[in-house]
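> Start from chain R and add chain F according to the hints.
Chain by chain, the residues:
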Amino acid sequence: MADPMLKLVGVHKRYGALEVLKGVDLDVAKGEVVCILGPSGSGKSTLLRCVNLLEPPEEGEIFLEGQDICRGPGSGTGEQSWNLDFVRQRVGMVFQQFNLFPHKSALENVTMAPEKVLGRSKAEAREKATALLERVGLGDKLGQYPERLSGGQQQRVAIARALAMEPHVMLFDEVTSALDPELVKEVLDTMRELASEGMTMLVVTHEMGFAKEVGDQVVFMDGGVIVEQGKPVDVLDHPTQERTKKFLGLVLER
Amino acid sequence: MSEFFHQYFDFNYMGEHFWEVLEAFLQNLVIFAVVAVLALSWGLLLALLRQLPGKKFVPVRFVTIAYIDLFRAIPILIVILLISGGIPFLEFIPKDIRIPHWFGKPDPFWYGVAALMLVYGAFTAEVYRAGIEAVPRGQMEAARSLGMSHWQAMRHVVVPQAVTLIPAPMLNELISLLKDTTLVSVIAFAESVLISRELLAQSFNSSAMILTAFFFILIILPMARVVDKLIARQQGKIARGSHIEVA
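Each protein sequence line maps, in turn, to chains R and F.
When we follow the working numbering, the leftmost residue of the first sequence carries the number 13, and every step to the right adds one.
When we follow the working numbering, the leftmost residue of the second sequence carries the number 1465, and every step to the right adds one.
Just so you know, these hints were derived from the structure itself, not from any lab.
In this text, all values refer to a predicted model and were calculated from it rather than measured experimentally.
Treat each hint with caution, since some may be false.
[As the list claims (entries may be wrong)] Quick look at which bits of chain F chain R covers, simulated, 3 or more residues with Cβ under 8 Å:
(1) 1591-1597
(2) 1624-1633
[Stated by the list, open to error] Partial pick of chain F residues on the chain R-facing surface, computed with a CB cut under 10 Å:
(3) Gly1550
(4) Pro1600
(5) Arg1608
(6) Ser1609
(7) Leu1610
(8) Met1612
(9) Gln1616
(10) His1620
(11) Val1621
(12) Arg1661
(13) Ser1670
[To be verified] Result set (BS3-like, lysine-lysine): computed pairs, CA atoms no more than 30 Å apart in a straight line:
(14) Lys128(R) / Lys1519(F)
(15) Lys197(R) / Lys258(R)
(16) Lys1520(F) / Lys128(R)
(17) Lys19(R) / Lys1569(F)
(18) Lys257(R) / Lys34(R)
Glycine is no exception: its CB is placed at the ideal position from the N, C-alpha and C atoms.
Isolated chain R (complex conformation):
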């Protein structure tokens, strides 16, 4: 088998005495959608932030397309520039709070990084951004500023913004948790479409329906470790671990 797209080996993350990740191993194949579930504080968001080195892990290795991104030149300083360039040109991230740039229009939000980081011409960046915003159903909102957009629209702009960097892997950190219920679907639909086009995705979510339908693999985390993982039908319908059963019981009760 070829190298997996992403491979985590014994990843540890500490904040002082607090150990948030206590040795996480995970393989993600190209085109696979991995949904990560777990109670708050289980380390699932930290795991995503480790993958794009927003929070570099203290211990363990992360291989992205076969490259060890924790051991490159200049690693361990928190500002390992070779790794950062390599990682952030390949990994896109979407946040719970959208984090759109409020002083820029939807279009400018999407064109900024391609222009400043990839050195694309203004015309080229605009053309690509327009196509991406049309693809997420916002072709008529190009000139709007974030505060004039609904939460769901903002989150779709954020997805388009991440896609503009042509990532090989997309990280979604509870991207529907801050949305009103009626706006969740439009964002999930966008993610579904992305998955069907073969994007490799790591999705931290509480949307069980999405995990079951779109996920190729479901990972249940608790206390900084992976408690259970496997096919969605197995983990969600026939969990073997007590902690998984308890968590699913609490979530599905709603």
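Coordinates of chain F only, in the frame set by chain R:
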């Protein structure tokens, strides 16, 4: 009572010396304008240096913080006196720099500009810092996750938002700077307070000083009203919650 008015509010005297005092006051405005541009730039640079991330910039951050603390603590008058009394005698510096006469201005003008810039750079750095720290962390994270460097993220994402949050406190610093330009009188630069004191010494009449005060009031009161407006607008925004990203 009439003696008091004659001493301080002799309008005839003010009329006679009006243009002389006004011209001197314009020198205060020139110092102000030059220092404002320099201090706003220097302060931004200091604020950015202070925000550099990671272990390898610890020395830079330390030196920057020490500078800012020091120059906020030393009385401006001392800075002015030390610069004008020290720099001219540092002979390893080329003469054109240690005794500058650039743009037709005498050396005390430039010593005053240097001292005020050093001090007000420290004060404006703290205002910029407040603005930068008020921009949500997620903005920097989003920019970094898109591949931007720390510097690019600051330049295109954080600082443009930070400066919209701080016009009121920054204007307060500028008001204070305008008044402090009078301190340059102690190193014999002919600005309005120096001229007023000379007139007082000649005629034993203080009305020129009152006229000078009046000029300052004329410029600063509108600035103070603008600050009030800006604060009211900012608070309106906070009350409506639009400064917070809509969740």
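> Each of the hints needs a verdict: does it hold here or not?
Structure-based check of all given hints:
Judged by the Cβ-Cβ criterion of 8 Å, the region 1591-1597 of chain F is not covered by chain R as claimed, because only 0 of its residues qualify and three are needed. Beta-carbon proximity to chain R at under 8 Å applies to 3 residues in the region 1624-1633 of chain F; the threshold of 3 is reached and the given coverage holds. Nearest Cβ of chain R to the Cβ of Gly1550(F): about 39 Å, over the 10 Å cut. The hint is violated. Nearest Cβ of chain R to the Cβ of Pro1600(F): about 8 Å, under the 10 Å cut. The hint holds.
Taken as an interface hint, Arg1608(F) checks out: its beta carbon lies about 7 Å from the nearest beta carbon of chain R, inside 10 Å. For Ser1609(F), the interface hint holds, since its Cβ comes within 10 Å of a Cβ in chain R; the closest pair sits about 4 Å apart. This hint holds: Leu1610(F) has a C-beta 4 Å from the nearest C-beta of chain R, less than the 10 Å allowed. Satisfaction of the interface hint for Met1612(F) is found here, the shortest Cβ-Cβ separation to chain R being roughly 6 Å, below the 10 Å cut-off.
Hint on Gln1616(F) holds. Least Cβ distance to chain R is approximately 5 Å, under the 10 Å limit. Interface hint status for His1620(F): upheld, as the beta-carbon distance to the closest one in chain R is roughly 6 Å, under 10 Å. For the restraint placing Val1621(F) at the interface with chain R, the shortest Cβ-Cβ distance is roughly 6 Å, inside the 10 Å limit, so the hint holds. Nearest Cβ of chain R to the Cβ of Arg1661(F): about 48 Å, over the 10 Å cut. The hint is violated.
Residue-level restraint check for Ser1670(F) is violated (minimum Cβ-Cβ distance to chain R is 51 Å; threshold 10 Å). Between Lys128(R) and Lys1519(F) the alpha-carbon distance is near 26 Å, which keeps this suggested pair within the 30 Å criterion. With a CA separation close to 27 Å, the supplied pair Lys197(R) and Lys258(R) stays within the 30 Å bound. Taken as a hint, the Lys1520(F) and Lys128(R) pair is honoured in the structure, with Cα atoms around 25 Å apart against an allowance of 30 Å.
Taking the CA atoms of Lys19(R) and Lys1569(F), the gap is about 67 Å. The hint is violated against a cut of 30 Å. A threshold of 30 Å between alpha carbons decides the hint, and for Lys257(R) with Lys34(R) the separation of about 21 Å falls inside it, so the pair holds.
In summary, the numbered hints that this structure violates are 1, 3, 12, 13 and 17.
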